[in-house]
Amino acid sequence: MSHAEGPDRIDEDGADDLRNQLAAELARLRSDIRDAEHRLHLTLDAAGATGGWEWDIPGKRLTGDARFATLTSQDPVELARGVPTSRFFANIAADDQKRIRLAVAGILAGAEIFSKDYRLVKGDGTTRWVHAKGRAIFGADDEPLKFVGDLVDVTEQKRVQEQLRIAQSAGAIGTFEHAQGFGTVTVSEQFCRLLGLHPTRILPVATVNQLVHPDDRPIIEPILPDQPKPDSNIEFRVTRADTGEHRWLARRGEYVRDLSGPGLRYIGVAYDITASKSNEERLKRLNEGLSESVRERTRDRDRVWLNSRDMLAVTDARGRILDANPAWAAIFGVEIADFVGKLVSELAWPDDADLVAAGYAKALREGGAAFESRMKHADGSPRWLSWTASREGETVYLYGRHITVEKEQETALREAEAQLRQSQKMEAVGQLTGGIAHDFNNMLTGIMGALDIIKRRLASGRLDGVERFMEAATVSAQRAAGLTHRLLAFSRRQPLDRKPTDVRQLILDMRELLDRSLGEQVQLLVQPSPDCWAAVTDANQLENALLNLAINARDAMPDGGQLSIETHNVALVGGDVPGLTVQGKHDFIAITVRDTGSGMPADVLEKVFEPFFTTKPIGQGTGLGLSMVYGFAQQSGGGVEIKSKLGQGTAITLYLPRSLEERDVDIRGTSQVPQGAGESVLVVEDDPSVRLLVVEVLQDLGYSAVEAVNADMAIAKLRQDIHFDLMISDVGLPGMNGRQLAEVARDLIPDLKVLFITGYAANAVNKSAFLADGMDMISKPFDLEQLARKIRAMLADPTS
Amino acid sequence: MTSVNISLDELERDALTEVVNIGVSRAASSLRKMVGRQVLLSVPSVEIVTQAAAASLIGQRESEDLVAVKQDFEGAFSGRALLIFPETKSLELARAVMGDEASAEHVLELESEALAETGNVILNNCLGTMANMLKQSLKMSLPEIIRGSGEQLFAHAEDTDEGALVLFLYINFSVQDRNIRGYIAMLMDLPSMAALKILIADFIDRVTEDAG
Numbered sequence: 001m002s003h004a005e006g007p008d009r010i011d012e013d014g015a016d017d018l019r020n021q022l023a024a025e026l027a028r029l030r031s032d033i034r035d036a037e038h039r040l041h042l043t044l045d046a047a048g049a050t051g052g053w054e055w056d057i058p059g060k061r062l063t064g065d066a067r068f069a070t071l072t073s074q075d076p077v078e079l080a081r082g083v084p085t086s087r088f089f090a091n092i093a094a095d096d097q098k099r100i101r102l103a104v105a106g107i108l109a110g111a112e113i114f115s116k117d118y119r120l121v122k123g124d125g126t127t128r129w130v131h132a133k134g135r136a137i138f139g140a141d142d143e144p145l146k147f148v149g150d151l152v153d154v155t156e157q158k159r160v161q162e163q164l165r166i167a168q169s170a171g172a173i174g175t176f177e178h179a180q181g182f183g184t185v186t187v188s189e190q191f192c193r194l195l196g197l198h199p200t201r202i203l204p205v206a207t208v209n210q211l212v213h214p215d216d217r218p219i220i221e222p223i224l225p226d227q228p229k230p231d232s233n234i235e236f237r238v239t240r241a242d243t244g245e246h247r248w249l250a251r252r253g254e255y256v257r258d259l260s261g262p263g264l265r266y267i268g269v270a271y272d273i274t275a276s277k278s279n280e281e282r283l284k285r286l287n288e289g290l291s292e293s294v295r296e297r298t299r300d301r302d303r304v305w306l307n308s309r310d311m312l313a314v315t316d317a318r319g320r321i322l323d324a325n326p327a328w329a330a331i332f333g334v335e336i337a338d339f340v341g342k343l344v345s346e347l348a349w350p351d352d353a354d355l356v357a358a359g360y361a362k363a364l365r366e367g368g369a370a371f372e373s374r375m376k377h378a379d380g381s382p383r384w385l386s387w388t389a390s391r392e393g394e395t396v397y398l399y400g401r402h403i404t405v406e407k408e409q410e411t412a413l414r415e416a417e418a419q420l421r422q423s424q425k426m427e428a429v430g431q432l433t434g435g436i437a438h439d440f441n442n443m444l445t446g447i448m449g450a451l452d453i454i455k456r457r458l459a460s461g462r463l464d465g466v467e468r469f470m471e472a473a474t475v476s477a478q479r480a481a482g483l484t485h486r487l488l489a490f491s492r493r494q495p496l497d498r499k500p501t502d503v504r505q506l507i508l509d510m511r512e513l514l515d516r517s518l519g520e521q522v523q524l525l526v527q528p529s530p531d532c533w534a535a536v537t538d539a540n541q542l543e544n545a546l547l548n549l550a551i552n553a554r555d556a557m558p559d560g561g562q563l564s565i566e567t568h569n570v571a572l573v574g575g576d577v578p579g580l581t582v583q584g585k586h587d588f589i590a591i592t593v594r595d596t597g598s599g600m601p602a603d604v605l606e607k608v609f610e611p612f613f614t615t616k617p618i619g620q621g622t623g624l625g626l627s628m629v630y631g632f633a634q635q636s637g638g639g640v641e642i643k644s645k646l647g648q649g650t651a652i653t654l655y656l657p658r659s660l661e662e663r664d665v666d667i668r669g670t671s672q673v674p675q676g677a678g679e680s681v682l683v684v685e686d687d688p689s690v691r692l693l694v695v696e697v698l699q700d701l702g703y704s705a706v707e708a709v710n711a712d713m714a715i716a717k718l719r720q721d722i723h724f725d726l727m728i729s730d731v732g733l734p735g736m737n738g739r740q741l742a743e744v745a746r747d748l749i750p751d752l753k754v755l756f757i758t759g760y761a762a763n764a765v766n767k768s769a770f771l772a773d774g775m776d777m778i779s780k781p782f783d784l785e786q787l788a789r790k791i792r793a794m795l796a797d798p799t800s
Numbered sequence: 001m002t003s004v005n006i007s008l009d010e011l012e013r014d015a016l017t018e019v020v021n022i023g024v025s026r027a028a029s030s031l032r033k034m035v036g037r038q039v040l041l042s043v044p045s046v047e048i049v050t051q052a053a054a055a056s057l058i059g060q061r062e063s064e065d066l067v068a069v070k071q072d073f074e075g076a077f078s079g080r081a082l083l084i085f086p087e088t089k090s091l092e093l094a095r096a097v098m099g100d101e102a103s104a105e106h107v108l109e110l111e112s113e114a115l116a117e118t119g120n121v122i123l124n125n126c127l128g129t130m131a132n133m134l135k136q137s138l139k140m141s142l143p144e145i146i147r148g149s150g151e152q153l154f155a156h157a158e159d160t161d162e163g164a165l166v167l168f169l170y171i172n173f174s175v176q177d178r179n180i181r182g183y184i185a186m187l188m189d190l191p192s193m194a195a196l197k198i199l200i201a202d203f204i205d206r207v208t209e210d211a212g
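Residue numbers (the working numbering), protein chains in the order written: chain A, 1 to 800; chain B, 1 to 212.
Simulated from the structure, these hints should not be mistaken for laboratory data.
No residue lacks a Cβ here, since even glycine has one placed at the ideal position from N, Cα and C.
Misleading hints may appear alongside valid ones.
What the hints assert, rightly or not - No farther apart than 35 Å at their CA atoms in a straight line, the calculated lysine-lysine pairs in the DSBU-like style are these:
| no. | chain 1 | residue 1 | chain 2 | residue 2 |
| --- | --- | --- | --- | --- |
| 1 | A | Lys607 | A | Lys645 |
| 2 | B | Lys139 | A | Lys98 |
| 3 | A | Lys158 | B | Lys197 |
| 4 | A | Lys116 | B | Lys135 |
| 5 | A | Lys407 | B | Lys135 |
Unchecked claim - Where chain A lies over chain B, by a calculated footprint (3+ residues, C-beta under 8 Å):
| no. | region |
| --- | --- |
| 6 | 22-33 |
| 7 | 91-105 |
| 8 | 138-145 |
Only chain B is shown next, with the shape it has when bound in the complex (with noise of 0.2 Å):
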């Protein structure tokens, strides 16, 4: 196991996974609006690894190709967002966002357009509910696709080395009827991830003293 522990407590690492649940259950509210469908969420799992470890993770989970849904986000913390999907999920996804009506070629032609609109929606619920919850505002940028292994998505970025860590949230959606399935990665440096963990300390305050 690779995982580097940036010391996150057992009870951070909670915390952190709740806003995540949080951010995950509204990105899954929009997306079920999309696809007129249940959508079922899995209980989303946090990793702090480094880049490296989160490429094999993925290759070992996945041994198909995969498509992302990439953006960056600046603010109080800083990075980029991933949301991964292995490459026959995504169209399959693509499929369930335009409707069953919708012809395979008109699918493939709009595949990357209705992944990068998707995940657009489901990387700002997300982001956006986590920056809310912590107390914050991020600045997203605009979705960009790409594709490859899991080591090419992680090594796109130029200015990241192999070392660096990666929140790593691991969720599986699934649509009713469709198999879908998918991951949202967080890359983030040692300053956002020190500032991350700060907000968790105070979020941790605050609900569990409202909640008393």
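If we strip away everything but chain A, and leave its shape as in the complex, we get (with noise of 0.2 Å):
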């Protein structure tokens, strides 16, 4: 619109005017089509409507509706006009240019057929994917004459399918789709992937159902039910295409109403459960696995059950027998049957159902417990078994050994043994008498042949040498009267006279004795310590002890050696040494008699004090020996220790208390024999030899003597003679025995003194409580300067 050049010239000021309303109207206009623009926009947002184009091929010119101008963001009145064909590419994204002018140039030269996506960049830059779907319109002469299609914005669909991609490949979920009666199935290139076939979108229900395994549900199921409802998980196998690789799948899905045609149509998902299936199938062989080696140590157990010859059973916490294998039945001769129900103790021999309830309180109470009880037999005999019961909650398991044979050795094993320590005893007196019935001849011999001699030269009147006869009779009589000694010493009845012993001196005075019983083969050296404390003990006794330890270290050096016999003093305690009992401290002497000999084992060390235990061949030891030490050491109150090493030789010490009378030592055979001053007597002995011997020694000793041969005659005299001195009894006199008639002759004459003489004193061992004040006891055989030495000191004694 031009200024000047109008037909009309308006007034200057009234052109302004017109000009400037004029230009109001159309700044109002422009608003206004803003706002008609705006509202299209937003209508055409609302409705989704798509945005047609068309291209007319031979016009070159492209026209395109509100929509499409929209969508590539142009002027939607121009593209109502129609604009160049060029305009169809803007605000295409560049990566999707060429693409696009490639399918258009297709259709340009006679393709039919174009579907395309692409992005369409918008004036803020954001891009929005559109498909365009559109078709080549033809002339008569196929030549294309229109390109016509519309674009509809795919953004939101583009963004699900991605996801529903990414969805499927991430989870490797295929989706199917099958509608009713098509022989075609809609599937996702996942789902051709899960099967091994190449992807695609339409497959035949045939060639996706003949990878699945014969025995299992097809995928694709050959008929729909009639309503709409979700399906169940289905599992199969399928074997895939390509590889021929089986696997397990799994399908679900629901059937819904198809929205295209009459039918159903089913949608559902398919995945690989391959993995889990292996993993299910090595739980099932695992399980079953283990549930056939569970059988198979079922069989073992039943096996062990049913074989064992022991009883195997199972009670209640009562003992009532649940369970009982067959060995049951084979011991008790009774059907398994008739055990089940009944009480174990009910079983028992009656003598032992006490030891049977015993035996499952304190399984119960403990856990656990072992007894031995008999059971009875079905023919009424008793049978052994070791039982071994262990409780479980409110079960017992209880386990039997067959033990009758057994007992039965056990039994005969112990008879045996006795019979055979009562034939060894007896083989050891027979031995023991007849050694000393050998020894006693021997010394009788000399007796009797001395005393014959004397007796045919008195006869004859030869007196000249008859001492000698005499001094060799008294000789034998005293070894004799030793040898009994030592009898009584080892069956410990021989009352020990303790007295304090000076042990060098005996020691040193059994040196020729010790000399002449060990042969010239071994060396003797006797080394007592000059400090050597008294012992009390009784020194006969010990004189025998030592004698029987050389005898043995003799034996033990057949080839000869070297024999010591020592002694030293020391300070022990109870159990420093074998049978020591004393408490607190004390000194004993000790005297070790040491060879070289063989020495012994440990397992013979621990049984040489045994009574009868020998090392030497039969005929050649009584065993006794080593004990008789034992006995004796044990009654002097001291003990034996012995020390001895195989091939190293043996020592063994005896331990004698020591004693605090240093002065009053017994040193034997050396002052005179003491005298009587008419004292009077009474005598009385049932043995005539004796009792004539004391009575003529007495008057020979220059005592009065009165005889009487047993308690009723003492008694006669007691009460006649109104004075007696002392009274000299025999102990085992015929009825009334001597300490009981000392007792009666104490009632006539209570200051009485009383010596009792005995040979065999079984009630006189502890002499302190047989002996009352005033009493002695001498024991048979004595010399008789031993006789006068006791009449005298209890003359001579006015409180004894």
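Got two chains here, each in a separate frame; can you build the complex from them with the hints?
See below:
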């Protein structure tokens, strides 16, 4: 619109007004248009209408509707009027340009179908995905006349598709859709991949189903239900089309009303479950293996149960048998059915029922118990069983071993052992008595021979040289006395006459005897220490013990060697040496007899003090020696210690308690025989020769002696004669014994001294308990000198 | 997926698809005239796969035996073209071409001939258009009918081995009121494939310039 060239000249001011008015009007209209456009945009957005286009190929013009214009960010007015065809490509994203130009070129060259997705760039820089679907319209000469189609914004759809695609590939989930009556199924690429098929959208049902294992449900069900409903989870095996691999798949889905047809449509997903299936399979196999091994073990246990020769049973806590194995029947001779339901204690031997009950009680209390009991066999005889009961909860498992045979053997063994011991003892006694008889015979021969010679010399009046024979007889008799003494000591029925004894002197005095006993091959070293204390002991027994040890030592050195006897002083407490039972610390004299002989092994050492134990050949030893020594040492209040090593000799040490009365030491055979002064003595003795001897001696010694044969006669004498200073009585008198007689005599003469003579004093072993004040005892045989001293001592002591 | 990527990039594939699209459109137009009905086409898809894969691909997609019209071609690129139908569809196609008034016996009798003729029209149109678009010319042999499974169709040629590559075009024809569907496969050796690739590149240059 020009200013000045208008046909009518208008007033300048008016023209300005008009111009201003028009300008205002134009601005208003433009604003209205903008509003309208905006409204249109909003309306189109809301309607979601497609953007159609029409490309006039020969005319080279493109027209598009408002929606097309909006989608491609172009002026709708211009597009409605027509624009150059190049505007079709306006605002297509650079990356998609070539592709779309190529497709359009195809249409222009005669292609019929156009179907492309591409991006459009908006004014604000954002992009939208569109789907362009078009086709060529041909003229009669088959030349394309028009290219028509429309654009749809598929941005949201693309996003959803992308999400779905990712979901499918990431989750390895394939989707499929099958409409009732169709021979094909619409599938996703992932679905094809699951089956090893070439990715495609449509597959024949048969192609899909024939990959499924014939025993399994097909992927695509041939018959669909009548009503829409969710389908259950179906698992099936497939053989992959590409690799032939076997896989487990699962499908789930729903039957829904088909939107485009009358029937139903199955929309489902499929996914691979091979891994979980194989885990499941492995678990199942493991389980089967486990139950198989359980079965196997059960079979093993059953075999043990059935074949065991020992009795096995399951019982309740009270001992009621719930089950028992066949061994029960075999051992008891009764059917198993007869046991079941019974109490174990009912089956026990009546005397042992309590034992069984106690065993059960212990098992319940402590969880387990072992005991032995007799049980009743069907034939009424007992059977020994060794039971082990173990409790688990309210159940007790009982295991019984049949030990009747063992028990019988054990008894037989014990009896045999006792018999053996008895026969050994008898053998020993026989040996001993034989030896004793032999020795006695020798001694008696000496005595009797000497007496015979003396008798004949006296008869012929030849008194010269008689003393020699008398001496010989006396020596023999003393030896015999020594022997009986030893025998009594061995039997421990010899009362010990414990007195302070000079051990050193005693040992030195034995030297000659030992020399003779040991023979020439053994070198004897007698070395009592000069400071040796005196011991409280029985000198005779000590001699015997030392002699015994020396002879043992000699026998341990058949090829000779060295034997030493030495002493030392020592302080000991109880337990320091075997058999020592003193309280507190005490002084002892240790006398050691040591040899360089064969020694003893440990197992022999353990037994050396046992009676009748001997390492000597039968007939050469009684096995009493060391046992006697041990007994003597103990009786003396001391002990014995033995040290020995095989091949290195043996050392046996006797420990004797120290005497605190150094002064009053018994040194024998020194002073003169004390004489009596006419005191009157009653002699009660049933043995005429002893009686005669004692009376003779008393008279020789200056005492006045009266004889009595037994207690009655003695009591008569006591009543006759007003005064007796002393009664000498045998302990073992016929009728009233010596001790009882002494009681009677004391009633008659209260201060009467009593001296008992005893040969075998079972009641008098403990001298102090046997003797009252003013009483004493002398053992047979005794020499007359001994008797004289004893009498003198008693009569001299006003208190004793 | 066993397809082998012989260096056809996405754009080249698009271009090849477009060339095929043009060819098939022409073929459909011819078919339309032959059957006198509307012929609808799907968007073609192009894959380059081995022969074995192509065989199994068709096998998977079609559960019945196949019928194919085969024609060899020679020129800038050489090979063999196959128009493949499921057996039942081939009868349907023959009936469509011959008209509803033809009796069933007549259709069966002339099926092969009708198929060969239809195939010839379609393949000639398709390949001819493609050659034209690529500014080349091709010499076509006479059509031949072969039947069998996918494997048998592709193994028919004695000189090809299973590893050879196949340009496999898949397209759904559907003739209005008839359920007809088919595939076009082109078997080419590597030199021909390479030649085709060059021609495609030229085509891309040309059309993108033209339309710009």
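Verification of the hints:
1. A:Lys607 with A:Lys645: holds, 15 Å
2. B:Lys139 with A:Lys98: Status holds; Cα separation ~31 Å.
3. A:Lys158 with B:Lys197: It holds: about 31 Å lies between the C-alpha atoms, which stays within 35 Å.
4. A:Lys116 with B:Lys135: holds, 26 Å
5. A:Lys407 with B:Lys135: violated, 120 Å
6. 22-33: holds (count 6)
7. 91-105: violated (count 0)
8. 138-145: violated (count 0)
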